[in-house]
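**Q** Throw the hints in and build the complete structure from the sequences for me.
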Amino acid sequence: MPAERRMADAGNGKILEAREVFQTLLEISRLLNTGLDPETLTICIQLCESGVNPEALATVVKEVRREVAAIRKDRKENQI
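Numbering (our numbering), first residue to last: 14 to 93.
Just to be clear, a hint being listed does not mean it is correct.
With a cut-off of at most 20 Å between alpha-carbon atoms, the simulated EDC-like pairs for lysine to aspartate or glutamate come out as follows [as the list claims (entries may be wrong)]:
#1 K86 x E76
#2 K75 x D50
#3 K86 x E62
#4 K27 x E62
#5 K86 x E68
FRET-style restraints, in silico, Cβ to Cβ [to be verified]:
#6 E68 x L29: 29 to 39 Å
#7 D87 x E30: 41 to 51 Å
#8 N91 x E33: 42 to 52 Å
#9 A69 x T37: 31 to 41 Å
#10 K86 x N25: 43 to 53 Å
#11 P51 x N91: 16 to 26 Å
#12 Q36 x E68: 21 to 31 Å
If you are wondering where the hints come from, they were derived from the structure by calculation, not from laboratory data.
For every residue, glycine included, the Cβ atom is placed at its ideal position computed from N, Cα and C.
**A** Spelled out as structure tokens, the structure:
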């Protein structure tokens, strides 16, 4: 039983550490005004952990934002 308890404690420690790391990354994201919500940041982290180039990912995120803004602007202009 003590070995099982130590394994459970170690697992809980890793979960707490992962949460702390994520909270730190989220705070950095906010300080840098990235506009990423927690869900989007999680996806970006997972993509980077899977080997996606962070600079390429940042470029894609910026381009998608530009496209969305252009579509919204076009829709707004067509409603008037």
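**Q** Now, for every hint given, state plainly whether the structure supports it.
**A** Results of checking the hints against the structure:
A distance of roughly 15 Å separates the Cα atoms of K86 and E76; the hinted pair therefore holds under the 20 Å criterion. Only pairs whose Cα atoms come within 20 Å are accepted, and K75 paired with D50 is accepted, the gap being roughly 14 Å. Our distance criterion of 20 Å between C-alpha atoms is broken by K86 and E62, whose separation comes to about 34 Å. Taken as a hint, the K27 and E62 pair is honoured in the structure, with Cα atoms around 17 Å apart against an allowance of 20 Å.
Using a Cα cut-off of 20 Å, the hinted pair K86 and E68 is violated, with the two alpha carbons roughly 27 Å apart. For the hinted restraint 29 to 39 Å between E68 and L29, the CB-CB distance of approximately 31 Å keeps it satisfied. Our hint of 41 to 51 Å for D87 and E30 holds, since their Cβ atoms are close to 46 Å apart. For the pair N91 and E33, the beta carbons lie near 47 Å from each other, so the given range of 42 to 52 Å is met.
Between A69 and T37 the beta carbons are some 23 Å apart, a value that contradicts the proposed interval 31 to 41 Å. Distance hint check for K86 and N25: the Cβ-Cβ separation is about 48 Å, which falls inside the suggested range of 43 to 53 Å. The beta-carbon spacing between P51 and N91, approximately 33 Å, falls outside the hinted interval of 16 to 26 Å. Checked against the hint of 21 to 31 Å, the C-beta distance between Q36 and E68 comes to roughly 24 Å, which is consistent with it.
In terms of the numbered hints stated before, the structure departs from hints 3, 5, 9 and 11, listed from lowest to highest.
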